[in-house]
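The residues making up each chain are set out below.
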Amino acid sequence: MRAPDFRVPAVGPDNPEHQARLLELWEGEPGLKGFLSTVDHKKIGIRYIVTAFILLVLGGIESLVMRWQLASPNAHVLTPDQYNVLFSTHGMTMIFLYASPILSGFSNYLWPLMFGSRDMAFPRLNALSYWIYLASAIFLYVGFLTGNGPNDGWFNYVPYATRDYNPGLNQDFYSLGMVFLGTSTTMGAANFIVTAFRTRCPGMSINRVPMLLWGTLTANVANLLVVPAVSLAFFLLWLERQFGTHFFDHSNGGQPLLWQHLFWMFGHPWVYAIVLPAMSMVSEGLPVFCRRPLVGYSVVALSTVATMILGFGVWVHHMFATGLPGLGLSFFSGASIAIVFPSAVAIFAWLATIWLGRPVITTAFLYFASMILMFVIGGVSGFMTASVPVDWQLTDTYFVVAHIHYVLIGINVFPVLGAVYYWFPKMTGRLMDERLGRWNFWITFIGFNLAFLPMHLTGLFGMPRRVYTYGPDMGWNTLNMITTIGSFVLALGVLLFIVNVVKSLRTGAAAGANPWDAATLEWSIPSPPPPYNFGVIPIVASRHPLWEGRLTEATATSSLDRGFLLDEGKETMGTSALDAEPNMILEMPEDTLAPLLLTVGVSILFVGLLLKLWTAVAAGAVVAAVAIVMWLWPRAQLREREPEPAQPPQREPRHA
Amino acid sequence: MSSTTPLSYLSAAGDRAGTILPLTWFTLIVSIVVCVVIAVLLYVGVSRRRVRQTAQIQQVPVTQAPGGLRWISVGLAISAVPLVITLVWTLSALAATSGPPAHPGLTIDVTPHQWWWDIQYEGERPSDIFNTANEIHIPVGVPVLVRLHGGDVIHSFWVPQLSGKTDAIPGQINLSWLEASTPGRYRGQCQEYCGAEHANMGFEVVAQTPDDFRRWRADQLSPAPPANTAALQHGQEVVEFRCGLCHQVRGTGAGGRAAPDLTHIMSRRMLAAATLPNNPGTLVAWIQTSQELKPGTLMPDQFLTATELPDVQAYLETLK
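Protein chains in written order, with numbering that gives the first Met the number 0: chain A, 0 to 655; chain B, 0 to 319.
One should not assume that every hint holds.
As the list claims (entries may be wrong) - Sample of chain B residues facing chain A (criterion: CB under 8 Å; computed from the structure):
| id | residue |
| --- | --- |
| 1 | Thr4 |
| 2 | Ser7 |
| 3 | Ser10 |
| 4 | Thr23 |
| 5 | Cys34 |
| 6 | Gly44 |
| 7 | Arg51 |
| 8 | Thr53 |
| 9 | Leu68 |
| 10 | Ile84 |
| 11 | Leu86 |
| 12 | Pro159 |
| 13 | Gln190 |
| 14 | Gly194 |
What the hints assert, rightly or not - Which stretches of chain B does chain A cover? Using the computed rule of at least three CB atoms under 8 Å from a CB of chain A, they are:
| id | stretch |
| --- | --- |
| 15 | 74-83 |
| 16 | 163-176 |
| 17 | 279-290 |
To be verified - What follows is a list of derived Cβ distance ranges for each label pair:
| id | chain 1 | residue 1 | chain 2 | residue 2 | range |
| --- | --- | --- | --- | --- | --- |
| 18 | B | Ser46 | A | Arg638 | 58 to 66 Å |
| 19 | B | Arg48 | A | Gly511 | 36 to 44 Å |
| 20 | B | Thr281 | A | Val56 | 38 to 46 Å |
| 21 | A | Val56 | B | Asp300 | 52 to 60 Å |
Rather than coming from a laboratory, the hints here were simulated on the basis of the structure. Just so you know, even glycine gets a beta-carbon here, dropped at the ideal spot from N, CA and C.
For reference, chain B alone in the conformation it holds in the complex (with noise of 0.2 Å):
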């Protein structure tokens, strides 16, 4: 991934993204010859004979000189090329990349709510399904479907240097899907219009060898650990009466699911929807003043006191 502009789509890193890549460069050619071209006429056509004094208008006579519409014929018979070739390209790149991949390596479920991205990972028996946020992990190579739930109102994924956008609207189920071709993390972003927050509203595509990915697969599957001092026990009780009404922690009393899953937050690179780095520091601070680092986010200021704040702290970094 281009680390300058992370979500440029003038690079690909995956299959889908990738097929449509040459047709993108074909058509910001084209279109930057045809400017090119026009200009270039436009200022000869101007500057051959042109009249500078404006009042000289009444003396310049009147003419009509022929052969103006072999200008027509011979310009759309040109523009008729790029076109035709642009239709067909359009045609089969749309059939190559539209469908989804007909036997999935893995299947995720998507549901991206105001402003934050909801990840379910399907599993052959329930207790292989689990729940994440904001952070995708794939294994390389291999085709990923991503079902996309509408959550509230409608948003769009988009992970440039793999896929194209794909709308999640609320009653209906949208199918998108994924293949990177290297390990790497890349820029996932909402795209659609979607309230105050929809600027910070990304997420993180982290493409992995088949091992990582299974050892990640283990450890998002296991349950929180227990609490096994004091404070730590302070902080989960903490946790459960002003976190669990929204988020899970699974293991623990905190069982909300109307806001990301807590259970291995610190697995994971960014917070707040790929907002602000994730490190004691920024949590902290987005604990208290969610309100002043996100205007309008659903989580409100904390508020935790003295005491709470070290112990719930020190309780969320367990959750790794």
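Just chain A, same shape as in the assembly (with noise of 0.2 Å):
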């Protein structure tokens, strides 16, 4: 039978009865299908942090290795092979396999939460968003465990990366997995734009989405822009190693500097996007422990985009010593050192909202305070590369290590373990131990301070970037042990919180809804949340629905117990873009197999390619092809219906 075109939504209390009826449409599969098949934004948000932190581990797992050889000169643990293979793989680690996704897995879990909403806008994208990062970095690590992992650093410059120098297959693993990688992240960040316009509850207009929604959507804009340059970038150099297209090469009328263009155009506004969704994640729990809301909503909000903006205008400054003309240099110095105030407004909204509200000292409250000093050692380091002529001398030198882990460590890393401190509540019902939290925090803080903050003057006193030993008589030695011991207390630290976690996991103190008397929606629901999230889709009328009435801001107050009942079928309320007035029944896919069969379709497609067996690359097109199939299959209750509106329409209903 074929349902109504349109249908008004019911409207009522949420109530225990309801709830029973939404947990029958929502609840997975248990078991092993259960577990392959899901479209729960909050299982796969789980996944990508867990999968994240794996990879973070064993990056830093790579680093204190190579910290063994660099902790004294002309050591031998490590062959000069072995030893630039580990650099690279631990830069492509960081930087790709743990970073954004680590954050992807923030905001996959937070955004449905935080908005009043049932899940993500497409919640088969989102799982295979997850199956393809996860392959594609098994891909990568199965090129490294077979003695074929990147070995020209993350940036891979050509000539080097070609095949001329790089024979093996190192660099085909890499390329290919590159690009592999970025189909995951294109299609995370095309499901955060949709589901940041249309998923929000009726009420939550632009102007009140929580802070996480702009870190996130800008940093997702961005890699929609720029990863497919980055993508670009690796396909051709696989055509150039493997077919012998001369994009790169000199001699026949290519340009080896198109490489440093288009990974740079990718690689700098990817540096923000790594860290803005970070930032963002400070701003929504350093006002919670402050006890007041974030200094300056607005403008911190609209300098998160100002700084994506301006970070597009910024790559050249990777490249201020490849012999560009002074005219182009300077417009690009230019834009670096006007970064700055962009980032300037979110130190000065933090360091405002602590000294105008009461600081309750929490694990993730100190996480989030150091963040603070981090982000401006790491801030005024980059100031300095911005300006060319210094820039000249500090470039590729140690000061410019010890710059990036400021900034990825300090704006990534620390808002990462505070915002597990503070969300772990809502992820397991179950609070992390303050005590062991304290110890945790301090000691990861000396310990990168130790190893990190010395590593600017190892900068200054020349040392370069990416070497395998040095000599003893270079003045070194000193900070190089200081900067090993430090990483060795780092990794202590991270032991510590992996033990709090695991802790905390079992014997951890219960959470309730709202353990940190925070303001926004995901704590207004249990802990954990049932797999609806909400009984009813609330109705919100200011930014801080929980903190209304202590607040002057709210003229009308929200109604998070009443609203839309949306239980006839998997559904969600969709809502217009800037006002989020309800506009549209969103009809939500069952758990299904299809993204787990395209992602091993895909996988067995790479690993045609990458082998050169055209046999397997039809296989896993035909694979995917019978997935992507299945995916689309139609399927009746995937009709989407506009909600017929309970007034006579004021305009023309727009269909979709």
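Mind assembling these two chains? They're in different frames, but the hints should get you there.
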């Protein structure tokens, strides 16, 4: 029987009977099949976080081996080739396989909960993004484990990456793996963008969205624009290696610098893409512990966007020494100095939030607050490299290594660890151990700064990056020993974090729905949330729905326990992009194995390309095609309908 | 040059690096001041009214004290001052140091290879042109133009005491320049990752008085001295046979151009791209066990016999 085209979604109070009906609709299958076929954003989000964290640990172990080698001059722990593969794999792991996916994991888990929604806009695409991320990580690590890890740094400059200088499979694993991973990032980006603009609950207009939306949305718009540049670059590299195209070969009319432009056009926006969501996690969590709203919400939101826009115009500051004309360099130098302003907005907003609030000291707060200082240290060293003549001295020394680690550990890892302490109760229903948390924080903090603060001096004393060893009379011995000790202390801190997670999972105190008395919607539902997230789709009237009555900003009251019931199928509310007016019932797909099957097909295809087994490529394509047909097979329950307006329509209803 | 930290760029010994040095110090000091100020603000802000007990969070009321936006506007206004100064200073320092000198006193062509530096001195007549490796001599007080050619992969030319980095990229010729104000030895280093032995790809710049430089140049122009004993002749034959495919010894049958020119190897202080001090012991060790001393280097271990090795060593020692 055909469902009616229009239906008025019922509005009513939340109650146990209704929740039981929703549970039946939303709960996934138990067992292995349920595990493999789930499209629940919460499960996918946690998978992202766990997978990315495992990769963080792998990348960390790689760095410890390197620090062992560099602890003293002329050491022989590693051969030059082993060292070069390790530092490249470390960069690949941390930058591509950890830093971005972990933030996708948090936003994946949190966005629907913060938006008063029941899932991401495209749940199956979400599952596919995760499976492809996992498959590409395995693909890249199979390269590493078979002795074919990347060996030309994460930046992978040509001509060293071309076949003349790099005859092994190393660069084929890396270039195909990056194209593979890029599809996951691109799909994830599209999903985040649509989710941001279509699934916020009624009333959550664009000026009331949680800060996490701004960072993640901005980062994903950037990803959608720049990931194709790097995927293209790696694809061209693979063609060059395997089929003798000459994109980068100067003796046949190619240009080695083309690689650097394509790479950094992606690479610099990417740096912002892996810090902006983390910054907005701080903007979410820090105010809660300061017991007040974030200072300057609008300015901070706009500066997030401004950072990204300027971030598209600074890529050449990675190429100041490549012989480009001085006039061109000065524009990029100016843009790189100007980008300090939007970053400074966030710094001062956080500081003001602390000064004008009453900070409650928790482990999460300590991570968020200390991040401010790490950010400033990483920021000012970045500002130094923005000055072209100074950069001619700084670039490719350990000064830049210190800089990038203050940026990536300071602005990504610290907020991420803080975010785990902050949202762990929501994800698991249990609080993390605060006592162990303090030990964890202080050891991590001291270890990190011990390792990387003196490294600035190592750089100013001229130690080049990416060297497997150094002579004893260069003046770097003591500094390197300190860095090695610091890196092991940092590793101990991370180990304590893992201990705390495992311990708290088993014995942590029950958290309740809102242990921090926080303001956003995810704290209005039980911990951990039920599969359907919200019994009723709430209607919000302010930026801080759970703090209404205590702040002066809201003129109306949000309705959290009475709202759209949407219990006739897996449904959530679609709303307009800016004002979040309800205009469509979004029909959500059932769990399905299609994303996993598609991933298997694409994986076979990529292995076929790697080994040039064209039958495998064809087989992979067939499996992928079958999965896509399975995916797109029309289903009656996915027909989407606009709700019939309760009042006579003010304007023509739009059909999606 | 600072003897304890030869690659430090917190001091300078020449015009180009010297113009940049105050800007480096300015941005460094501004950066340190900013970090200290923010650290103090953060520490005071956190400790002023903090609540130590995590469990009490539910009891601390939520408030909304006004005045936060002033932090942002004042903060940005203060930040603008050093940023604008830096921008203007950057542009003027860039203009002063980026362009090569209009009338260089000397022009050198440098072609970095995996993992050594080929250095060619330009001359007015073809017979004035000669090649050397890994050690650049320049006269003090004269701007020296360095033309950087791409050899194989990308490398970067850097002499921190004299000049910032410029990459050498296949398919293009990049220009750099040096000017030393006092005589001395200045360490240089490849600064762009270039493969296995990127770590051991150094060189030295020797700044000399104009007279010393002229003498050095005349010496370098001369071919290898004749081998005038039986042992030396044997040594030269082995060098021509075993080394000559890659190395050049001008005036002999060794004519390879794929590796450092050896015509005056004993005049250089270091071996293997500033990896080893140059003395008879290291020279022999380098010939026989280069793969152990610099794993991955394109020079294979030579396995010279007990009769060949002393003669080769003796012959090479005449190449002053």
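Hints, one by one, checked against the model:
1. Evaluation of the B/Thr4 hint against chain A yields a held restraint, the C-beta minimum of about 3 Å falling below 8 Å.
2. The beta carbon of B/Ser7 comes within 5 Å of a beta carbon in chain A, closer than 8 Å, and the hint placing it at the interface holds.
3. Interface hint status for B/Ser10: violated, as the beta-carbon distance to the closest one in chain A is roughly 10 Å, over 8 Å.
4. Annotation: interface hint on B/Thr23 holds; nearest CB of chain A at approximately 5 Å, less than 8 Å.
5. For B/Cys34, the suggested interface contact is upheld, since its CB lies about 6 Å from the closest CB of chain A, less than 8 Å.
6. Checking B/Gly44 against chain A by beta carbon gives a least distance of about 4 Å; that is within 8 Å, so the hint holds.
7. The beta carbon of B/Arg51 is positioned within 8 Å of a beta carbon in chain A (closest approach about 5 Å), and the interface hint is therefore held.
8. Taking 8 Å as the C-beta cut-off, the interface hint given for B/Thr53 holds, the closest approach to chain A being about 5 Å.
9. Here the hint on B/Leu68 is kept, as its CB sits about 6 Å from the closest CB of chain A, short of 8 Å.
10. For B/Ile84, the interface hint is violated, since its Cβ never comes within 8 Å of a Cβ in chain A; the closest pair sits about 10 Å apart.
11. Checking B/Leu86 against chain A by beta carbon gives a least distance of about 5 Å; that is within 8 Å, so the hint holds.
12. With its C-beta approaching chain A no nearer than about 5 Å, B/Pro159 sits inside the 8 Å limit, and its interface hint holds.
13. Given hint, B/Gln190 at the interface with chain A, holds; its Cβ is 4 Å from that chain's nearest Cβ, closer than 8 Å.
14. The closest approach between the C-beta of B/Gly194 and any C-beta of chain A is roughly 6 Å, which is under the 8 Å cut-off, so the hint is satisfied.
15. Against chain A, the stretch 74-83 of chain B contributes 5 residues with a C-beta closer than 8 Å to a partner C-beta. That satisfies the three-residue criterion, and the hint holds.
16. Note: the stretch 163-176 of chain B has 10 residues with beta-carbon separation from chain A under 8 Å; the three-residue rule is met and the coverage holds.
17. For a cut-off of 8 Å, the count of residues in the stretch 279-290 of chain B with a CB near a CB of chain A stands at 0, and the three-residue condition is violated.
18. Between B/Ser46 and A/Arg638 the CB atoms are about 59 Å apart, so this pair conforms to the stated range of 58 to 66 Å.
19. Between B/Arg48 and A/Gly511 the CB atoms are about 26 Å apart, so this pair departs from the stated range of 36 to 44 Å.
20. Between B/Thr281 and A/Val56 the Cβ separation comes to about 43 Å, which falls inside the hinted range of 38 to 46 Å.
21. Between A/Val56 and B/Asp300 the Cβ separation comes to about 40 Å, which falls outside the hinted range of 52 to 60 Å.
When the structure is compared with the earlier hints, violations turn up for hints 3, 10, 17, 19, 21 and for no others.
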